[in-house]
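There are 2 protein chains.
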Amino acid sequence: MHRSEPIRIGLLGRGKIGTGVLKLMRQNRDMLANKLGAPLELAGVADKIVAPDPSIGLTAALITPDPAALVARPDIDIIIELFGGHEPARTLLLKALAAGKDVVSANKAMLSEHAGTIFLAAERAGRAVGFEASVGGGIPIIRTLSQALVADRQRSVHGIVNGTCNFILTTMSEHAVDFGDALKDAQRDGLAEANPILDIDGHDAAHKLCLLVTLAFGVLLKPAQVHTEGISGVTQADIAYARDLGYAIKLLAIAKDDDGRIEARVHPTMVPRRHLLAFVGGAFNAIYINGEALGSSMYYGLGAGQMPTATAVLADVMEIARERLAARDGKSARRHPLGFPLRSIKNARVKPMDDVVCEYYLRFMAADKPGVLGAIASVLGRNAISIASVIQQGRDAERTVPIVMRSHQARERNLKRALAAIRQRRLVSEAPAFIRIEENL
Amino acid sequence: MHRSEPIRIGLLGRGKIGTGVLKLMRQNRDMLANKLGAPLELAGVADKIVAPDPSIGLTAALITPDPAALVARPDIDIIIELFGGHEPARTLLLKALAAGKDVVSANKAMLSEHAGTIFLAAERAGRAVGFEASVGGGIPIIRTLSQALVADRQRSVHGIVNGTCNFILTTMSEHAVDFGDALKDAQRDGLAEANPILDIDGHDAAHKLCLLVTLAFGVLLKPAQVHTEGISGVTQADIAYARDLGYAIKLLAIAKDDDGRIEARVHPTMVPRRHLLAFVGGAFNAIYINGEALGSSMYYGLGAGQMPTATAVLADVMEIARERLAARDGKSARRHPLGFPLRSIKNARVKPMDDVVCEYYLRFMAADKPGVLGAIASVLGRNAISIASVIQQGRDAERTVPIVMRSHQARERNLKRALAAIRQRRLVSEAPAFIRIEENL
Chain A
0 MHRSEPIRIG LLGRGKIGTG VLKLMRQNRD MLANKLGAPL ELAGVADKIV APDPSIGLTA
60 ALITPDPAAL VARPDIDIII ELFGGHEPAR TLLLKALAAG KDVVSANKAM LSEHAGTIFL
120 AAERAGRAVG FEASVGGGIP IIRTLSQALV ADRQRSVHGI VNGTCNFILT TMSEHAVDFG
180 DALKDAQRDG LAEANPILDI DGHDAAHKLC LLVTLAFGVL LKPAQVHTEG ISGVTQADIA
240 YARDLGYAIK LLAIAKDDDG RIEARVHPTM VPRRHLLAFV GGAFNAIYIN GEALGSSMYY
300 GLGAGQMPTA TAVLADVMEI ARERLAARDG KSARRHPLGF PLRSIKNARV KPMDDVVCEY
360 YLRFMAADKP GVLGAIASVL GRNAISIASV IQQGRDAERT VPIVMRSHQA RERNLKRALA
420 AIRQRRLVSE APAFIRIEEN L
Chain B
0 MHRSEPIRIG LLGRGKIGTG VLKLMRQNRD MLANKLGAPL ELAGVADKIV APDPSIGLTA
60 ALITPDPAAL VARPDIDIII ELFGGHEPAR TLLLKALAAG KDVVSANKAM LSEHAGTIFL
120 AAERAGRAVG FEASVGGGIP IIRTLSQALV ADRQRSVHGI VNGTCNFILT TMSEHAVDFG
180 DALKDAQRDG LAEANPILDI DGHDAAHKLC LLVTLAFGVL LKPAQVHTEG ISGVTQADIA
240 YARDLGYAIK LLAIAKDDDG RIEARVHPTM VPRRHLLAFV GGAFNAIYIN GEALGSSMYY
300 GLGAGQMPTA TAVLADVMEI ARERLAARDG KSARRHPLGF PLRSIKNARV KPMDDVVCEY
360 YLRFMAADKP GVLGAIASVL GRNAISIASV IQQGRDAERT VPIVMRSHQA RERNLKRALA
420 AIRQRRLVSE APAFIRIEEN L
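For the record, the sequence lines run as chains A and B.
Be aware that the first sequence starts at 0, since it is given in numbering that gives the first Met the number 0, and climbs by one per residue.
Be aware that the second sequence starts at 0, since it is given in numbering that gives the first Met the number 0, and climbs by one per residue.
None of these hints come from the bench; they were simulated from the model.
Treat the numbers as computed from the prediction; the structure is a model and nothing was measured.
Treat the hints with care, as some may be off.
Claimed, not checked - Here are the computed distance ranges between Cβ atoms for each label pair:
1. Ala326(A) x Pro53(B): 22 to 30 Å
2. Asn346(A) x Asp180(B): 36 to 44 Å
3. Ser3(B) x Arg242(A): 50 to 58 Å
4. Pro369(A) x Gly83(B): 51 to 59 Å
5. Asp180(B) x Ala175(A): 38 to 46 Å
6. Ala430(A) x Ala326(B): 53 to 61 Å
7. Leu119(B) x Thr116(A): 55 to 63 Å
8. Asp180(B) x Met352(A): 28 to 36 Å
9. Arg152(A) x Arg72(B): 47 to 55 Å
10. Lys415(A) x Ile48(B): 46 to 54 Å
Ideal placement from N, C-alpha and C gives every residue a C-beta, glycine not left out.
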């Protein structure tokens with residue numbers, strides 16, 4: 000395959016997410032290069048401490064304590080900003096844009112406060128700002144709102160966008176513990192910061208809501224304009240009463256367009272227990288959108304964490320890299336329709352159905368006589384199918400009754416053979432019914 | 000704002016979806032032109048019957064019975080193919096690509112069978128194929144797999160991708176009716192074709208699975224290679240037993256990468272009742288993906304229908320139009336980071352929190368004395384807050400007890416005023432707790 004010169008990446012900050020990005024770049028290096036048609040290359044990392052890590056390709060020579068020097072380097076194409084916080088992140092991004100670099104950032108606190116400045120600077124410089132990782136971690140909500148839903152008018156956005164709060168509320172609801180204990184659980188599991196105030200008080204969700212509002216409704220909103228309440232006041236009693244009334248309590252980031260006036264608020268909210276958002280548990284995030292033409296849609300996934308967030312950062316890097324490569328060749332950036340060059344595409348090697356392994360639900364219609372269940376079970380056993388549970392209902396000597404079983408994992412070939420043998424031995428009055436179970440999905 | 004020459008669209012087929020596309024183009028004309036920086040213009044429609052419809056901008060002069068002539072017209076930029084079926088759709092798309100047009104299609108039957116031909120022809124011609132509408136209707140699963148998840152390796156895909164089957168299975172499960180009656184319900188509600196075989200037998204889901212496999216695993220798969228079973232054999236008894244065993248029955252399109260061998264199958268499947276996929280009801284679709292770095296994510300929405308599908312078609316049109324405009328100006332297609340030009344962005348007009356209207360959960364800690372509930376209720380009433388339900392538990396003359404209420408829709412300003420009055424009148428022993436309810440989301 001024709002290979003272009005590499006796309007060179009500068010990384011600001013190598014905390015948890017930065018390390019995840021480097022890990023993923025290294026782990027999937029060939030796949031990424033194939034999809035892009037050029038390698039991604041780490042050109043430098045700005046970090047206070049020079050702590051090389053060869054396992055992720057980080058040599059001492061790559062590390063600099065001077066981020067301003069890194070964003071000025073003429074050999075770097077894309078700057079990934081993972082410092083967090085307002086400064087120096089804001090100034091560095093503006094410098095990078097002015098120096099002709101594209102930027103990728105996960106910094107919702109800074110972007111929500113300075114959206115106008117950053118995005119306008121990018122537009123004036125003709126450069127890109129990727130910020131998929133800033134809301135919903137690995138959930139592609141930024142490109143969904145800016146691209147997929149571009150032809151529709153959005154009515155409302157309801158987001159579970161803070162995994163820490165959702166974990167705490169889920170724990171309080173499922174284990175009947177108080178807020179304080181649930182917070183300790185979250186901290187023990189690494190799902191809450193040592194200082195969890197920004198999460199617990201709803202401010203992190205408010206930052207994300209500002210970006211969602213700008214994408215959904217096309218206007219700028221500052222975090223201070225969002226009515227923000229946290230979850231520390233939610234009691235066990237309220238959760239129990241909510242359940243009685245048919246609701247679950249979630250910290251929602253809510254935005255609605257009320258005839259040009261934007262309603263934007265973050266607070267503990269009761270949602271109907273049968274609504275899909277009520278089933279978004281643990282540290283998961285979900286953004287539920289109502290559009291005029293599309294109706295309801297929801298986007299669900301891990302909203303934080305090293306590797307999920309790294310996938311979002313690298314998705315932005317890949318998209319921008321493709322645009323830069325096209326511009327180098329003087330072409331417009333035609334996206335490959337499948338996300339990778341087709342020249343070398345192969346036909347699938349298909350696994351035969353007989354080799355598929357899963358659990359099975361089995362229903363046999365059999366005469367209600369002693370020994371029938373045993374005879375069926377022994378045929379199954381001879382074919383390496385073991386039974387996880389049996390339901391045999393009622394007794395009725397006059398007619399056939401259903402024998403229902405759930406199998407452990409078995410191979411389709413063995414199941415087919417066993418069912419044929421059971422029919423042949425006339426243990427059943429009709430063809431056995433079976434339905435495959437996907438247990439671990 | 001600077002306006003470019005229009006992007007000119009040719010439409011093949013004006014059935015339900017085609018009409019939806021024209022409707023949306025007209026309804027959101029200004030919004031689309033603003034986002035794009037140029038108007039979208041309907042240049043012609045190929046249809047057997049010349050039936051003008053001024054309400055969607057369709058004059059007799061725009062309609063031609065000759066689709067081959069339409070795809071050859073030099074003034075057209077983008078061809079939208081909504082004929083469905085293998086021919087003449089396939090030949091027309093290839094002709095359009097050869098004539099330098101970009102194409103957008105919702106035709107999963109043809110694309111899944113001829114993916115190699117169509118996508119390679121597009122790549123060779125340097126043109127785009129948009130096919131977001133072919134899988135999951137308005138759910139942006141195509142661009143999610145090809146762009147958002149580009150840096151990750153996918154492990155498995157589990158999709159509810161046929162709304163007709165999901166509606167039937169949901170109806171069977173919720174109303175304890177048999178397959179035949181549920182099918183009649185679906186047909187009555189317009190959710191199943193008069194000839195529903197392609198849906199019911201799982202072939203439509205298999206077509207979609209082929210496209211998902213190509214996007215997720217980078218290989219070509221033909222519908223004939225997918226093990227495909229439909230839902231007509233699912234009985235009411237199986238659904239009931241499934242429930243007893245802790246499962247729901249869904250028609251799933253399943254694909255896994257087993258060390259380079261692709262497992263691809265469509266069949267009725269039992270999924271754990273607490274799994275998010277089990278809650279995808281009615282005509283909704285959802286695609287659940289497991290990735291190595293991202294973990295689980297799910298994309299949920301209406302998988303069919305006129306307007307949801309039209310949003311996906313127009314999202315592709317907008318993206319391609321942007322690339323064409325950039326190429327005209329000799330620039331690379333830099334996407335606007337927010338999906339629209341920023342020059343004219345405004346600050347949000349924010350609705351004051353006091354004006355927000357919602358339902359409220361209210362908890363008062365009050366002395367367990369006669370008259371207290373009445374006094375609280377009358378203060379609420381005077382402030383235009385009406386009570387939907389009350390939970391008052393136990394009796395305990397010694398201490399305060401919780402009085403829990405759910406209000407009807409009320410204005411935040413009124414609620415705050417009422418709660419202040421209740422405190423001032425010392426009807427409660429501590430500040431009333433309230434949680435907002437989002438009932439209609």
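Verification of the hints:
Checked against the hint of 22 to 30 Å, the C-beta distance between Ala326(A) and Pro53(B) comes to roughly 43 Å, which is inconsistent with it. The given range of 36 to 44 Å is respected by Asn346(A) and Asp180(B), whose C-beta atoms sit roughly 42 Å from each other. For Ser3(B) and Arg242(A), the Cβ-Cβ distance of about 56 Å falls inside the hinted range of 50 to 58 Å, so the restraint holds. Between Pro369(A) and Gly83(B) the beta carbon distance is about 57 Å. The supplied range of 51 to 59 Å therefore holds.
Between Asp180(B) and Ala175(A) the Cβ separation comes to about 42 Å, which falls inside the hinted range of 38 to 46 Å. The hinted range of 53 to 61 Å is satisfied by Ala430(A) and Ala326(B), whose Cβ atoms lie roughly 60 Å apart. Between Leu119(B) and Thr116(A) the CB atoms are about 44 Å apart, so this pair departs from the stated range of 55 to 63 Å. The hinted window of 28 to 36 Å between Asp180(B) and Met352(A) holds, with their beta carbons roughly 31 Å apart.
A C-beta distance of roughly 31 Å is found between Arg152(A) and Arg72(B), which places it outside the suggested range of 47 to 55 Å. Our hint of 46 to 54 Å for Lys415(A) and Ile48(B) holds, since their Cβ atoms are close to 50 Å apart.
In summary, the numbered hints that this structure violates are 1, 7, 9.
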